[in-house]
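Protein chains: 2
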Amino acid sequence: MRNWPLSKVYQLLEPGPVVLLTTSRKGRANVMTMSWHMMVDFEPPLIACIVSDRDHSFVALRATKECVIAIPAVQLAEKVVAIGNCSGRDVDKFSVFHLTPKKAEHVASPLVAECFANVECRVVDTRLVNRYGLFVLEGVKAWIDPEQENPKTIHHQGFGKFAVDGELIELTSKMP
Amino acid sequence: MRNWPLSKVYQLLEPGPVVLLTTSRKGRANVMTMSWHMMVDFEPPLIACIVSDRDHSFVALRATKECVIAIPAVQLAEKVVAIGNCSGRDVDKFSVFHLTPKKAEHVASPLVAECFANVECRVVDTRLVNRYGLFVLEGVKAWIDPEQENPKTIHHQGFGKFAVDGELIELTSKMP
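In order, the protein sequence lines correspond to chains A and B. Residue numbering for the first sequence follows the numbering used here, beginning at 34 and increasing consecutively. Residue numbering for the second sequence follows the numbering used here, beginning at 34 and increasing consecutively.
Don't read these hints as lab results, they were simulated from the structure. None of the hints are false.
Copies of the same chain look alike in the list, so a pair counts if it works inside one copy or between any two.
No more than 20 Å apart at the CA atoms, straight line, and that leaves these computed lysine to aspartate or glutamate pairs for EDC-like:
1) 185 to 203
2) 207 to 86
3) 185 to 47
4) 207 to 111
5) 207 to 125
6) 185 to 200
7) 59 to 138
8) 194 to 182
All of these numbers come straight from a predicted model, not from anything done at the bench.
Taking the hints into account, I'd like the entire structure generated from these sequences.
Rendered as structure tokens:
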């Protein structure tokens, strides 16, 4: 994995891919599937996401204030759904799903080696956590796997139906 | 346009499509392009989005606490980018881009007739507006255009590059 500039994290997350979120607490790593996230600011990259208090990851995220957002390509789609279908309360998901945890640089939460991008994050705002489970994160380090060329992400349309990235189009935009 | 159930609004927005956001203030309608939004809760549908205080729509959204999120299919991609390239400060975008405003049921902001889905929204939480321009909206009515079958949405990857929805895959998910 190699560095990805923090100023370009939005290019990874803005298109709305299904992602994985890893946490680690008391030596136990966990991973959940997440579609409810958005960019909040470019630089430093701020990201909002919803982690419900019904998710096992909630306690670890709130307590440690650290996580990794890992972005899977379509090849991992079956695992991504299976990860979403069970809880870290019951199983060690890294082990069950043969995911390779990799040491992050700034946070205790692991990177996911099989994902084409990983963003190490710290929680920077918890004002909307009690009401909505809405965390504001700051990306502090981003990684990309140069071996995975032109990764296609998946976009959840409900109940296990996903749109895979198709044609790429380019239009003249003044916007980043 | 016909009703779309509020309990299924997440199926429209969760996949991360580029959307339009309309507002209306003092009899003037405006529309902006937006990629930074996410679902917050299912029912009632809560949606978070970022509207920066540099966006002309910011003042109208904050003052009226109403908007419409309109979802364009790929056929509108050029207009969507052009809408993002200019400001309602300078032009009447509905007129310049030949968009058809349609009266909404619960809000003064117009629906966009050319979009395959429209969600009427009210602002329900402004605690993160000053810091991040983060508005929490509640969807109060949703519409779908039954004439537009299998609409393909677009997902922004930065600087006018978009992934168009491609293949649809289906996996067994316990999650809505």
